[in-house]
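**Q** The hints should help you fit chain Z onto chain X, whose structure is shown.
Chains as they are written, first to last, in our numbering: chain X, 48 to 134; chain Z, 7 to 223.
Each hint should be verified, as a subset may be incorrect.
[Said to hold, decoys possible] Below, a sample of chain X positions facing chain Z; criterion: calculated Cβ distance under 7 Å:
#1 I89
#2 R109
#3 L127
[What the hints assert, rightly or not] Simulated restraints on C-beta separations:
#4 X:A59 <-> Z:V41: 36 to 44 Å
#5 Z:L185 <-> X:E117: 43 to 51 Å
#6 Z:W165 <-> X:R126: 38 to 46 Å
[To be verified] Quick partial rundown of chain X residues pointing at chain Z, CB under 10 Å, derived from the structure:
#7 A75
#8 I102
#9 A106
Because the hints were derived from the structure by calculation, they are not lab data. Values in this document were obtained by computation on a predicted structure and should not be read as measured data. Every residue gets a Cβ at the ideal spot worked out from N, C-alpha and C, and that includes glycine.
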Amino acid sequence: MPRQVIKVTNEARLQRLLMALEQEVLQASDDEVRQAAADVGIDPDMKGSIAWVGIFFPAKLRPDEVFDMELLRKRFQERLVAPKKIR
Amino acid sequence: MSEGGSLPRILGVWSAVIKRQTKPELRLSTGSSPVRPADTAVALGLVTRLDLLRLKTLARLYARGLPPDVDWEDLLQEALTRVLVGSRAVPADVPPVAFIAGVMRSLRSEHRRRHASARREVMEQQRKVSSAGGEVELPDESALPERVLSARQEIARIWKLFADDTVALGILEGIAEGLEPEQIRKRLKISSTTYGTARRRMRRALLREGLASCLDK
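Just chain X, with the same shape it has in the complex (with noise of 0.2 Å):
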């Protein structure tokens, strides 16, 4: 009898890779965290180290978070009622 062969989507390949890779990586004890951590080049222990770059402080700036949105929300809209010469 032939052997009945299943085609298996790469959608549903992708699925299991990465159940199992997030299993993985959940299983990783602290130690294992840390030593791939020292692998390249950051110690977690720091707290200004990249490794918190996207958790603690954002990877990419907003500009509400440099500037005080208000007052130059402010600033423009007088800008706008009363433009200043161009000289």
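**A** Just chain Z now, kept in the frame of chain X:
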């Protein structure tokens, strides 16, 4: 990647430059840095700081193949926020870190669905325009190889992570086919010790990948 907080240093220089500006609207926001979901999650004891690195690794893994307007940081912060505000309640029998990982996985599917649906709408509109103009109709979206190609590319990227490790690649192939660990060991003719060691190598490679190049997508 070099360690030593290069980002804070860059921000410090930037901040100094901006502070020298005389116009108050260009000065740095006077408020202290906003509290992020991760701060709250750690303060509440929901996750540890090392758990956050595990989640970051997973977020980077899941963000691959997503539309360009969504990145790993969005996935991670959104998942943490949903759990913190209670829109996704952590079941008592599931470790919070595993639950948050699940939320990120579900967000990934959500983003992919949304992207596919938006694309279908565009296709539909284009099809209507083409039909009205008597032009050739576009093919149905399901017939496009885009989704198949995207999954294939993602798998190829995962393979690349373990390119030098033939045992790990064999294990991954088995997992992709839906085999159980025992079946994978038999197929690869390896002992449980070799299997376990390969899995440890895989974990470390994944974490390295997740923690390195922190500033790219």
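**Q** None of the hints should be skipped; say for each whether it holds.
**A** Status of the hints after comparison with the structure:
1. Nearest Cβ of chain Z to the Cβ of X:I89: about 5 Å, under the 7 Å cut. The hint holds.
2. Interface hint status for X:R109: violated, as the beta-carbon distance to the closest one in chain Z is roughly 10 Å, over 7 Å.
3. For X:L127, the shortest C-beta to C-beta distance to chain Z is roughly 14 Å, which exceeds 7 Å, and the interface hint is violated.
4. For the hinted restraint 36 to 44 Å between X:A59 and Z:V41, the CB-CB distance of approximately 40 Å keeps it satisfied.
5. Roughly 59 Å separates the CB atoms of Z:L185 and X:E117, a value that falls outside the hinted 43 to 51 Å.
6. For the pair Z:W165 and X:R126, the beta carbons lie near 55 Å from each other, so the given range of 38 to 46 Å is not met.
7. Interface restraint check: X:A75 against chain Z, minimum CB-CB distance 5 Å, threshold 10 Å, status holds.
8. A distance limit of 10 Å between C-beta atoms decides the matter here; for X:I102 the minimum to chain Z is near 5 Å, and the interface restraint holds.
9. Against a cut-off of 10 Å between C-beta atoms, the interface hint on X:A106 holds, since the closest Cβ of chain Z lies about 5 Å away.
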